[in-house]
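**Student:** Below are the chains, spelled out letter by letter.
Protein chains: 2
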Amino acid sequence: MSDNRVLPDGTIRSLCGVSGVRCAGTKEGKFGLALIEAPGESAAVFTRNVAKAAPILLMQERIKRGRLEAILVNSGCANALTGRRGQADAMSMAEIAAEKLSCSPDAVGVASTGVIGRYLDLPRIEKQCSLIAPRLSRSPAAESDTAAAIMTTDTYPKHALVKGEQFSIGGICKGSGMIAPNMGTMLAFLYTDAAIPACDLKDMLSHAVTRSFNQVVVDGDTSTNDVCFLTATGSAGRVDNHEFEKVLLECCTLLAKQIAADGEGASRMIEVIVTNAGTETDAREVAKTIVGSPLVKSAIYGQDPNWGRIIAAAGRAGVSFDPDAISCWIGAGQDRAPVCIAGTMTEDLRAAKQALDAKQVVIELDLQEGEEKATAWGCDLTEEYVVINGKYTT
Amino acid sequence: MSDNRVLPDGTIRSLCGVSGVRCAGTKEGKFGLALIEAPGESAAVFTRNVAKAAPILLMQERIKRGRLEAILVNSGCANALTGRRGQADAMSMAEIAAEKLSCSPDAVGVASTGVIGRYLDLPRIEKQCSLIAPRLSRSPAAESDTAAAIMTTDTYPKHALVKGEQFSIGGICKGSGMIAPNMGTMLAFLYTDAAIPACDLKDMLSHAVTRSFNQVVVDGDTSTNDVCFLTATGSAGRVDNHEFEKVLLECCTLLAKQIAADGEGASRMIEVIVTNAGTETDAREVAKTIVGSPLVKSAIYGQDPNWGRIIAAAGRAGVSFDPDAISCWIGAGQDRAPVCIAGTMTEDLRAAKQALDAKQVVIELDLQEGEEKATAWGCDLTEEYVVINGKYTT
Numbered sequence: 001m002s003d004n005r006v007l008p009d010g011t012i013r014s015l016c017g018v019s020g021v022r023c024a025g026t027k028e029g030k031f032g033l034a035l036i037e038a039p040g041e042s043a044a045v046f047t048r049n050v051a052k053a054a055p056i057l058l059m060q061e062r063i064k065r066g067r068l069e070a071i072l073v074n075s076g077c078a079n080a081l082t083g084r085r086g087q088a089d090a091m092s093m094a095e096i097a098a099e100k101l102s103c104s105p106d107a108v109g110v111a112s113t114g115v116i117g118r119y120l121d122l123p124r125i126e127k128q129c130s131l132i133a134p135r136l137s138r139s140p141a142a143e144s145d146t147a148a149a150i151m152t153t154d155t156y157p158k159h160a161l162v163k164g165e166q167f168s169i170g171g172i173c174k175g176s177g178m179i180a181p182n183m184g185t186m187l188a189f190l191y192t193d194a195a196i197p198a199c200d201l202k203d204m205l206s207h208a209v210t211r212s213f214n215q216v217v218v219d220g221d222t223s224t225n226d227v228c229f230l231t232a233t234g235s236a237g238r239v240d241n242h243e244f245e246k247v248l249l250e251c252c253t254l255l256a257k258q259i260a261a262d263g264e265g266a267s268r269m270i271e272v273i274v275t276n277a278g279t280e281t282d283a284r285e286v287a288k289t290i291v292g293s294p295l296v297k298s299a300i301y302g303q304d305p306n307w308g309r310i311i312a313a314a315g316r317a318g319v320s321f322d323p324d325a326i327s328c329w330i331g332a333g334q335d336r337a338p339v340c341i342a343g344t345m346t347e348d349l350r351a352a353k354q355a356l357d358a359k360q361v362v363i364e365l366d367l368q369e370g371e372e373k374a375t376a377w378g379c380d381l382t383e384e385y386v387v388i389n390g391k392y393t394t
Numbered sequence: 395m396s397d398n399r400v401l402p403d404g405t406i407r408s409l410c411g412v413s414g415v416r417c418a419g420t421k422e423g424k425f426g427l428a429l430i431e432a433p434g435e436s437a438a439v440f441t442r443n444v445a446k447a448a449p450i451l452l453m454q455e456r457i458k459r460g461r462l463e464a465i466l467v468n469s470g471c472a473n474a475l476t477g478r479r480g481q482a483d484a485m486s487m488a489e490i491a492a493e494k495l496s497c498s499p500d501a502v503g504v505a506s507t508g509v510i511g512r513y514l515d516l517p518r519i520e521k522q523c524s525l526i527a528p529r530l531s532r533s534p535a536a537e538s539d540t541a542a543a544i545m546t547t548d549t550y551p552k553h554a555l556v557k558g559e560q561f562s563i564g565g566i567c568k569g570s571g572m573i574a575p576n577m578g579t580m581l582a583f584l585y586t587d588a589a590i591p592a593c594d595l596k597d598m599l600s601h602a603v604t605r606s607f608n609q610v611v612v613d614g615d616t617s618t619n620d621v622c623f624l625t626a627t628g629s630a631g632r633v634d635n636h637e638f639e640k641v642l643l644e645c646c647t648l649l650a651k652q653i654a655a656d657g658e659g660a661s662r663m664i665e666v667i668v669t670n671a672g673t674e675t676d677a678r679e680v681a682k683t684i685v686g687s688p689l690v691k692s693a694i695y696g697q698d699p700n701w702g703r704i705i706a707a708a709g710r711a712g713v714s715f716d717p718d719a720i721s722c723w724i725g726a727g728q729d730r731a732p733v734c735i736a737g738t739m740t741e742d743l744r745a746a747k748q749a750l751d752a753k754q755v756v757i758e759l760d761l762q763e764g765e766e767k768a769t770a771w772g773c774d775l776t777e778e779y780v781v782i783n784g785k786y787t788t
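Top to bottom, those sequences are chains W and S. Positions 1 to 394 (this note's numbering) are the ones given, in order, by the first sequence. Positions 395 to 788 (this note's numbering) are the ones given, in order, by the second sequence.
No wet-lab data here; the hints were simulated from the structure. Careful: at least some of the hints might be erroneous.
Chain S regions said to be covered by chain W (calculated; three or more residues, Cβ under 8 Å) [said to hold, decoys possible]:
#: 1; stretch: 467–476
#: 2; stretch: 713–724
#: 3; stretch: 736–747
#: 4; stretch: 766–777
Just so it is clear, the structure is predicted and the values come from calculations on it, not from any experiment. Even for Gly, the Cβ is constructed at its ideal location relative to N, Cα and C.
Just chain W, same shape as in the assembly (with noise of 0.2 Å):
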């Protein structure tokens, strides 16, 4: 995968390598707010969880204009579980950034991320907005302290670019826990300079997530909060929409494996890669169950070749296969090794055990249903997981 964030001299560059797009962030202890002005034809996909919060209530009807001047993200309160409170809430956020922007607040995209169940604070966001918004800028810096400010237990800021003939497609997102998958997918807001109409903007962004944020789990708990945005600035004017389709893909599933390797408490990251399904959406539940079994991702963290744990994994899929047909290896290209070939076990697992000493741990498995293929992401559960969420809210 091309990774064009990083230059020669290190500087990060995501939002900043996309014309059009200026920002800013801060954040005072766990309470951060971003700003990010793009003005153009935007889509977005949102949470699948029936609790979803004010923010998303509010911009489940606002997207469908197609088209946002810019968004305004909070940290350290998801203000979901708020009730109408919370709802007029959410279009106060809005209306802090319009005035600053002296924009419509219809056309403000908010976000929330952070505890559930307490009401925004909204005159530290007033402040906060008033102290960034005359700092909105195109630069490696502005994009670095914008994704900081929308972290919560993330330990490091996510970016990704990605370039294709004549555009280029950037953004930033934040997730560590309370992923899963049956989501819109995490905070992420993704731009592009290319010239695209809301409405493919809608279908290629669905196209997209379902292939990279929604295949990534690191607990299993959808949050209420899910959401990403895609603005289209189209200064660089009509571009191949296969070729969009193709680099969004990279670009989304650039920040996907970022969330992954960043899961909370994770000493690993962890990939599998289902082949031979009968279905592509069978590949991706299972890929999706073995990633997220909480036996295999303890397992992984003990380095303990436990494959046993990873075929009971896509047994409960809900996929049909054959256990006596399947081959299951660990281990990435000319160095994977086998734990299972064509249903008989491998009876010496020692090379199983060294492919798990990595920091990128991958499992591949061929179900001989059929020809088709997909990813999952996620990480491993160490006892830091449980120290981070144990106690969150105090």
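Fit chain S to the known structure of chain W by using the hints.
**Tutor:** Showing chain S alone in chain W's frame:
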């Protein structure tokens, strides 16, 4: 719930509370063997994992006869993902017991639990069976040996005995990790002296298992080896079916709660009661999703009244409800503390935090969608779960 298993002198009775049942067990390190002799009409429910262990595949066929003479169970090796050799080994297990008991191998139930992807050590099973077959008896000591023989990561043996007007139902089970919904159950062996035909037993067992064992979630991983057997020895004669169903559910629930409380690494048992759901299935799904949420489990371990995670988990259960109408309490009975009433959050969570300082934590969620109700059981998520599962095979 009436639990008749503990006598005034502290003696535990389960299997030996049912006439017609004799048992014996032994354990060498992690390799145990249990033999239960109880001729009678029999039924069983099995794991729904696609990757079914060899003894499961064998018993799915043999249980169709509707009658068992005995059951032989080994621990330490699951005989799962072992292909044709595993199938032959499961049949050999049945033959070993049949020879000792002078019955047909077709009438011997077999079950296995332990590491997946290992072959059975048949010479050891033969040797252990020769040791315990002459010791078969109906006594608290024998049932204690039997329940201990089937344990893996369990920290205590699990017994239940519930009496009806004229009959008893007693049983033992094991289960601590790889415990999840969508299964037959863990290993459970139930006996009654009531006279009930196998076809009725099957229906009544399915009904009870759906509402008891299948409502237990430890880690969301469904085993390849789950099975629950029920044998009716018949010496108490015909009984009222309705009463029998009630007593059976009570007996299964007593065992299910013991499994939840003994979840790997658990420090607290969690009971989730969902009320006023649209359908019983909805209530069950929501209860199971909450009790299985890693974030809810971690919060309870940390005594953190982070109720937003409870509602967020409910919201991803695939069940429709209005988040603005729900109420939620932590704690049981008179002492339950509200955290959210009719969609409005409780600002002071001190009482809720206090309610989390218990060995058995109760969470109640009123969905305001209908009149149906269900309960699920689980445990908190501690660092110890990760430690136990990080190095299981080694």
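**Student:** For each hint, tell me whether it holds in the structure or not.
**Tutor:** Here is how each hint holds up against the structure:
Interface restraint, the stretch 467–476 of chain S with chain W: holds (4 residues with C-beta to C-beta distance below 8 Å; minimum three). With 5 residues having a beta carbon nearer than 8 Å to a beta carbon of chain W, the stretch 713–724 of chain S meets the requirement of three or more and the stated coverage holds. With 3 residues having a Cβ less than 8 Å from any Cβ of chain W, the stretch 736–747 of chain S passes the three-residue criterion, so the hint holds. Taking a C-beta to C-beta cut-off of 8 Å, the stretch 766–777 of chain S contributes 3 residues in contact with chain W, enough for the three needed, and the coverage statement holds.
Hint check: no violations occur; every hint is consistent with the structure.
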